[in-house]
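S.K.: Listed below are the residues making up each chain.
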Amino acid sequence: MTGAAADVEPAPGGGRHTLFAALGVAAGVALGAALGLVAFDQTEPPRDRHIVVRARQYAYDPPVIRVNRGDRLFLKLVALDVMHGFFLEGHDLDVEIAPQQSTFKVRHPSRPDDWTEQEEVVVIADTPGKFRFRCSHTCGSLHPFMSGELIVEPNRVLHAGLGACGGLFVGSVAVARRRSRSASR
Amino acid sequence: MQVASTPKRPPAPAPAAARSKHPSDRAGVDLCAAIPGLRAVLKWRPLQFWLMWANLVCFAVFINAGLFGSPVGSHNIMIVFVWILWWFLLIALLVPFLSRFWCTMCPLPAFGEWLQRLRLIGVWPGSGPAKHRTRSLGLSRAWPRALQNIWLQNGGFLGLAVCSALLVTRPIVSTVVLGGMIVLALGLALVYRQRAFCMYLCPVSGFLGLYSMTSTVAVRVKDRALCRGHKEKECLLGCAAGYGCPWFQYVGSMERNNYCGMCFECFKTCPHDNVTLYLRPFCSETGIKGVDEAFKAFIMVALALVYSVTLLGPWGVVKDWANASESGHWGGFALYALAVVGLCLVLFPALHLGAVALGRRLGGGPAVRLKAAFVGFAYTWVPLGLLAWIAFSVPLLMVNGAYILSALSDPMGRGADFFGTATVAWHPILPEWVPLLQAPLLLVGLFYALSKSLQVSRQLFGPPARAVPAVLPVWGLATAVTAVFMFFFAG
Amino acid sequence: MRALLHELFAATLVTVSLVGISAAMQPEPATRGMRVVSLTGVKKDGVFTDEKVDGTNYWRRSFRRATVVLDEGETILLRLQSADVTHGFYVPELGVGPVLIEPGKVVELELQGKRAGLFTYYCTAVCGHCHYYMQGTIRVLGRGRKDTETAAAVAPGCRHGGERPASTPRAVVDHGQLLFASMGCESCHGPRGSGGVRNYNYVKDVVPQNNLLAERLQLFEPDDAETVLALIDKGADLAALETTPPFKTYSRFLAQYKAVQDLIKNGNRAGKKDPAGPAPPLSMPAWREQLTDRDIESLIAFLLAQFPWDE
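Residue numbers (this note's numbering), protein chains in the order written: chain A, 1 to 185; chain B, 1001 to 1491; chain C, 2001 to 2311.
Pulled out of the complex, with its shape left as it was, chain A reads as follows (with noise of 0.2 Å):
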């Protein structure tokens, strides 16, 4: 693997060249990850959240849930069509929704067959980071597609990945232009 600057025909002394390219390239990434990630690390203080979450044929309404680390949601679920699931990734939990019903049947996947009639669920929001919650009961043709998001702020990956962007970029065009420069003299 070569550097993002390193050059079609070895230039003279083109390994220390290649070398420090690719250093000047990775320093870029680590800085614009750590850019991003100290950046965004503020949240507001938690909170409880009441939300009603609607499932329909092929979506949650609403269909992305924004909150802060630390939050404790109170999840109502209810189904408008069919039944539904709503299997929610990382938190070990998995519901099935019944249309037209007060309450629903709630299991944590790490505990399959053990389901209990609730009115409501509470999650506590403590890993930051983006958890979809899929249907897990299946619901028709684009079944395998529905989905929503609960974003739970600061969202590391997002803020280290788009740092990381703009550091490769930056890495990149630092090493690349000291490179013409240094060619041109």
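Calculated from the structure, these hints are not laboratory results. One thing to keep in mind: the hints can contain errors.
The calculated DSBU-like cross-link candidates involving lysine-lysine, where the alpha carbons are at most 35 Å apart (straight line), are [stated by the list, open to error]: (1) A:Lys76 to C:Lys2258; (2) A:Lys105 to C:Lys2248; (3) C:Lys2248 to C:Lys2234; (4) A:Lys105 to C:Lys2234; (5) A:Lys105 to C:Lys2044; (6) A:Lys76 to C:Lys2114; (7) C:Lys2044 to A:Lys76; (8) A:Lys76 to C:Lys2248; (9) C:Lys2204 to A:Lys76.
Fit chains B and C to the supplied structure of chain A, relying on the hints for placement.
M.R.: Relative to the frame of chain A, chains B and C by itself:
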């Protein structure tokens, strides 16, 4: 007599691409020398038959399940194996590592090719003065010159993509499309020469060709001088040992993987065993040729964006539009189709053109033709698009992999249980880790996009003092597009 | 010669494998020595059908509702499937179900014709607009009797897609009437709320009729009912009128009116007549997510207007 015509291609964007010392050829490990027995396997005539047959058997299962099995896609092997397993293997493993090895075993053109040759394994030798050549059934017409490009493939793929929400969820739609491709390939085989369907029409072939440029293996000759001096050209015309290249390629000067269908006929026909399989670094080829190929690159990146919204996204309205035959939102579907086609054919190419034109100005290069720069820089989107597609396909397998187990035991979704896995319940595998995998994949794609576009820029604009400023706008655009993917996948 | 043999072998292999696979994939899996009846739930038609449902026909046409016929004492194997969404299957009188039928899975149940007669099977998982019509007949024939009887006590076929009236029409009663049909209320409460639909092991045996709603709302004078209708039609806030009641028994009416609204919104599980028996197949569903407050007012208005004042 068979005369393979070389497809019309616009001239190479830069003289550098034609130089024989280009790094993309012959740089690499000769796998046939490194792996004992590999050459013998590739020269073994029945190889392709057995591979095709194995896939044809699977295909027969899929078609039957699509027609007579449960209409529920996630429990029908047609959908589960084609759009989860095959798609993942194809985009994430076969294309980046084995180039067009899928085309070696693809069952779609099998009937057509067997009929052309009146053979499933052997060679149909000519008679009389042409007895050293091969024969073929059918009209053996040449493909129309105006269509000797991949525009039809671009259009076909885009057309299927607009209907993808139906294609990948209804077993019957997949069956009709794949079955239709078999029939089309058969019909074309009887009218046109050799693999005209694969070369110019197959919608899958278009992106396989483009993305196989990145692949770590390549079929090339060891010594070009030997080919230049060898007048018989069995690799083009065929001989008793094998057919002339069914993909109309001349391996003696072949520099790109794009149109090499890896049928390995040239291994069989070459009397000097000059053809071999090279192992080489990822993204070794960078030369895109022709506006058609450039648009293929745009279409693929744009469609990865579209699918990230339509299929992986949480927005129900978009799904309703894409799924019009069930939801009845035909007005929305028209809007959706227009948006998809507009993004692929207008907006994305326009952004690219803008970046390239700006770069050309910064690089001070009126000497470089805008078209050459437009086409050349399109390679930026090849590694980025491929890695974005891999990032898109990773969750397909991690989230819906359990369907593979249940469909294996119950291919029709009718209550069979062949291997005891029919009752495996849907359970995603570490789905919360998906964004953590996708983000690095995107960064790898961006890294290669930046690195390779600079290489292209050097070929177009020459010294770094001009090549570096010339590439900057394209770099900016590539970074911005990666950031958009990052938003879809991780945010 | 050897080459020709190879070709023949290859051609035979291809033919045999393709034909073999197609043939092998046709029959249904083995059955345990019983007559098998395959029923497939189809959401869009609101039926369990005995027709074969697959990719070639599901998206194209409607399917007929199955009537299952068996002899007294006979046991059959029901193979239950769903072509789309989760359905349920329940025959309370014959002690079968309720079970959920998930798409792409097959539920096999033994059904025994314990005694001659007509029995109703129900879908017990709300499965879309036509769910409330998703019922059918199981006919158990007595010894020596021919299969001549016709209709069973099941809801009519689902004729509409559950589409809501485009906008609230001016006459609130008309809006209620449309909803009463399109939401499937009539499948249990009878046409225009006339009642009479059997609900096995329910305390009152039949689903309550709705056309006597005026009585339940403590409206004993036609004029009072007219007043209420006019108020609902105007969109008046009925609760706010408690201080200036338009008629004498208004506060009693209002209490009942709120209770009925809540019943429609939140539903009610049907009570068992025999506590040891099976759960009644029909219960009042919760409509708060499907109907707006205005929809519910319209339904009440429509049912008020159905009261047979002449009798």
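S.K.: Against each hint, give a clear statement of whether it holds in the structure.
M.R.: A quick look at each hint next to the structure:
1. A:Lys76 to C:Lys2258: Status holds; Cα separation ~24 Å.
2. A:Lys105 to C:Lys2248: Status violated; Cα separation ~46 Å.
3. C:Lys2248 to C:Lys2234: holds, 21 Å
4. A:Lys105 to C:Lys2234: violated, 41 Å
5. A:Lys105 to C:Lys2044: holds, 26 Å
6. A:Lys76 to C:Lys2114: Between Lys76 of chain A and Lys2114 of chain C the Cα gap is close to 43 Å, so the pair fails against 35 Å, i.e. violated.
7. C:Lys2044 to A:Lys76: Distance ~28 Å between Lys2044 of chain C and Lys76 of chain A Cα, so the pair holds.
8. A:Lys76 to C:Lys2248: Violated: Lys76 of chain A and Lys2248 of chain C sit about 41 Å apart, past 35 Å.
9. C:Lys2204 to A:Lys76: holds, 33 Å
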